[in-house]
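Position chain B relative to chain A; hints supplied.
Residue numbers (my numbering), protein chains in the order written: chain A, 11 to 227; chain B, 11 to 227.
Check each hint, because a few of them may be wrong.
Put simply, identical chains are the same to the list, so a pair is met inside one copy or across any two.
Heads up, simulated DSS-like pairs for lysine-lysine below, C-alpha to C-alpha not over 25 Å straight-line [claimed, not checked]: (1) Lys116 x Lys27; (2) Lys17 x Lys105; (3) Lys188 x Lys213; (4) Lys216 x Lys116; (5) Lys216 x Lys131; (6) Lys188 x Lys27; (7) Lys216 x Lys27; (8) Lys27 x Lys17; (9) Lys213 x Lys27; (10) Lys105 x Lys213; (11) Lys188 x Lys105; (12) Lys105 x Lys216; (13) Lys17 x Lys140; (14) Lys17 x Lys131; (15) Lys116 x Lys188; (16) Lys213 x Lys116; (17) Lys188 x Lys216; (18) Lys213 x Lys140.
Worth flagging that the hints you see were computed from the coordinates, not collected in a lab.
Please read these numbers as outputs of a predicted model, since none were measured by experiment.
Below are the chains, spelled out letter by letter.
Protein chains: 2
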Amino acid sequence: MELFFEKNNIISLNDRKRKAFINSLSGFKSLNLIGTADANGSTNLAIFNSVFHLGANPALMGFIIRPDSVERHTLSNILETGSYTINHVNSHIYKSAHQTSARYPKTISEFEATNLNPEFKNGFSAPFVKESVIKIGLEFRQRLDIALNNTILIIGEIIQVYCPAECMGNDGFLNIEKAGTLAGIGLDSYHTTTLVDRLSYAKPDKPLTSVVTEYQA
Amino acid sequence: MELFFEKNNIISLNDRKRKAFINSLSGFKSLNLIGTADANGSTNLAIFNSVFHLGANPALMGFIIRPDSVERHTLSNILETGSYTINHVNSHIYKSAHQTSARYPKTISEFEATNLNPEFKNGFSAPFVKESVIKIGLEFRQRLDIALNNTILIIGEIIQVYCPAECMGNDGFLNIEKAGTLAGIGLDSYHTTTLVDRLSYAKPDKPLTSVVTEYQA
Chain A
11 MELFFEKNNI
21 ISLNDRKRKA
31 FINSLSGFKS
41 LNLIGTADAN
51 GSTNLAIFNS
61 VFHLGANPAL
71 MGFIIRPDSV
81 ERHTLSNILE
91 TGSYTINHVN
101 SHIYKSAHQT
111 SARYPKTISE
121 FEATNLNPEF
131 KNGFSAPFVK
141 ESVIKIGLEF
151 RQRLDIALNN
161 TILIIGEIIQ
171 VYCPAECMGN
181 DGFLNIEKAG
191 TLAGIGLDSY
201 HTTTLVDRLS
211 YAKPDKPLTS
221 VVTEYQA
Chain B
11 MELFFEKNNI
21 ISLNDRKRKA
31 FINSLSGFKS
41 LNLIGTADAN
51 GSTNLAIFNS
61 VFHLGANPAL
71 MGFIIRPDSV
81 ERHTLSNILE
91 TGSYTINHVN
101 SHIYKSAHQT
111 SARYPKTISE
121 FEATNLNPEF
131 KNGFSAPFVK
141 ESVIKIGLEF
151 RQRLDIALNN
161 TILIIGEIIQ
171 VYCPAECMGN
181 DGFLNIEKAG
191 TLAGIGLDSY
201 HTTTLVDRLS
211 YAKPDKPLTS
221 VVTEYQA
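Just chain A, same shape as in the assembly (with noise of 0.2 Å):
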């Protein structure tokens, strides 16, 4: 059977029963744990389904922040320092991850209370995951406020990127799959994929073919 919603009745849905609702919309959400430090050096760890590619060039990435949450110390601590890290969910510290969105003090860091590892690694001022095994460093490009519902959109570039070689194919593209990287639903739900297929670039006269073998990853 299927279900009709109109504004009316997503309004009259309890608080809670909503937002795991509507978070469920937007269909899969990418999971990463976005790393960061204040100015003093001490660190802090938050899990976000909002990171999304922006643009390739120059490489941009941009994620929500709502700044009466958790997230409140890694948006304070990139405006504070301008780096943050961004760092692949993997089926290893997904519950470590999740664990990182409780309300813990700011006096202590996440890394320390889900036993994820910070790294520091090239210079880089902001800590990685080391469990992570797709890691970016990302300078801050851009703040945009969102008045509709008071969140904001935080923009950085990519300074620097870590993956596995094995997981490259000829043509650029990273197999985040093979590497292990999870999908996530909503608020709580953590998923592992499977390979349908990659597509040819399409044109309106060219019938689609399977790339998956021209480009290896």
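Frame of chain A; chain B shown alone:
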């Protein structure tokens, strides 16, 4: 072996390789078809992998548009009519969905070109995708221009939702995996998913538990 890329290594990749690489880095992506019509009723359909959850109250979703791409018809239709639909891509339609990214002239509807069927429901002016299992009708709320790379963030409010009753948990969670929704990597890779677990709300001094059985979606 771990590969290490610095900003200069990324810049020196050729355009196609950099695009494939950087597009893989944000993690798994949502896969949605955005349906629109212009003021004369001519329909348009385009695949987007940047739709994200922005907030539950009001219920907002965002996505990124590149105005110099095939996405320009989607943009002009949304600005003209104020309405659009977001339709999950599933394993039965991913090839047709991918094909909508071909550069068709404005006179050809991607619905016709790809054998996907427009569906008009409950007075909503933009076309839904009949073959999609989860369909969302939105009203345009805000446009944010991102000067860093000439992209545009389009924000809309959810006005209608269609989804299968058997996919909805008693907590409001929608099991989009059960509905057949796919996840994406980069620009051309399509994936099914398998649930690992749903975890309880995280608190500092409480162990996480599985909530799959409790919420039964």
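Quick rundown of the hints versus the structure:
With identical chains, the CA atoms of Lys116 and Lys27 are never at most 25 Å apart, being 29 Å at best within one copy and 41 Å at best between copies. Within a single copy, Lys17 and Lys105 get their C-alpha atoms no closer than 34 Å, and across copies no closer than 32 Å, so neither meets the 25 Å cut-off. Taking the shortest Cα distances, Lys188 and Lys213 never come within 25 Å of each other, neither inside one copy (29 Å) nor across copies (31 Å). In this assembly of identical chains, Lys216 and Lys116 lie within 25 Å of each other by CA distance solely across copies; the values are 18 Å between and 56 Å within a copy.
Taking the shortest alpha-carbon separations for Lys216 and Lys131, neither the intra-copy value of 46 Å nor the inter-copy value of 32 Å comes in at or below 25 Å. Within a single copy, Lys188 and Lys27 get their C-alpha atoms only as close as 34 Å, which misses the 25 Å cut-off; across copies the closest is 19 Å, which meets it. Proximity of Lys216 and Lys27 under a CA criterion of 25 Å is satisfied inter-copy only: 22 Å between copies versus 45 Å inside one chain copy. Only within a single protomer do Lys27 and Lys17 lie at most 25 Å apart by alpha-carbon distance; the minimum there is 14 Å, versus 43 Å between protomers.
Proximity of Lys213 to Lys27 under the C-alpha cut-off of 25 Å is restricted to the inter-copy arrangement: shortest distance 19 Å between copies versus 42 Å within a copy. In this assembly of identical chains, Lys105 and Lys213 lie within 25 Å of each other by CA distance solely across copies; the values are 12 Å between and 42 Å within a copy. With identical chains, the CA atoms of Lys188 and Lys105 are at most 25 Å apart both within one copy (20 Å) and between copies (22 Å). Only between protomers do Lys105 and Lys216 lie at most 25 Å apart by alpha-carbon distance; the minimum there is 13 Å, versus 45 Å within a single protomer.
Taking identical chains as interchangeable, the C-alpha atoms of Lys17 and Lys140 lie at most 25 Å apart only when they sit on different chains, with a minimum of 21 Å there against 44 Å within one chain. Taking the shortest Cα distances, Lys17 and Lys131 sit within 25 Å of each other only across copies (15 Å), while inside one copy they are farther apart (48 Å). Taking CA atoms no more than 25 Å apart as the test, Lys116 paired with Lys188 passes in neither setting, with 35 Å inside one copy and 39 Å between copies. Proximity of Lys213 to Lys116 under the C-alpha cut-off of 25 Å is restricted to the inter-copy arrangement: shortest distance 15 Å between copies versus 52 Å within a copy.
When the C-alpha separation of Lys188 and Lys216 is checked against a cutoff of 25 Å, the pair qualifies neither within a copy, at 30 Å, nor between copies, at 32 Å. Taking identical chains as interchangeable, the C-alpha atoms of Lys213 and Lys140 lie at most 25 Å apart only when they sit on different chains, with a minimum of 23 Å there against 42 Å within one chain.
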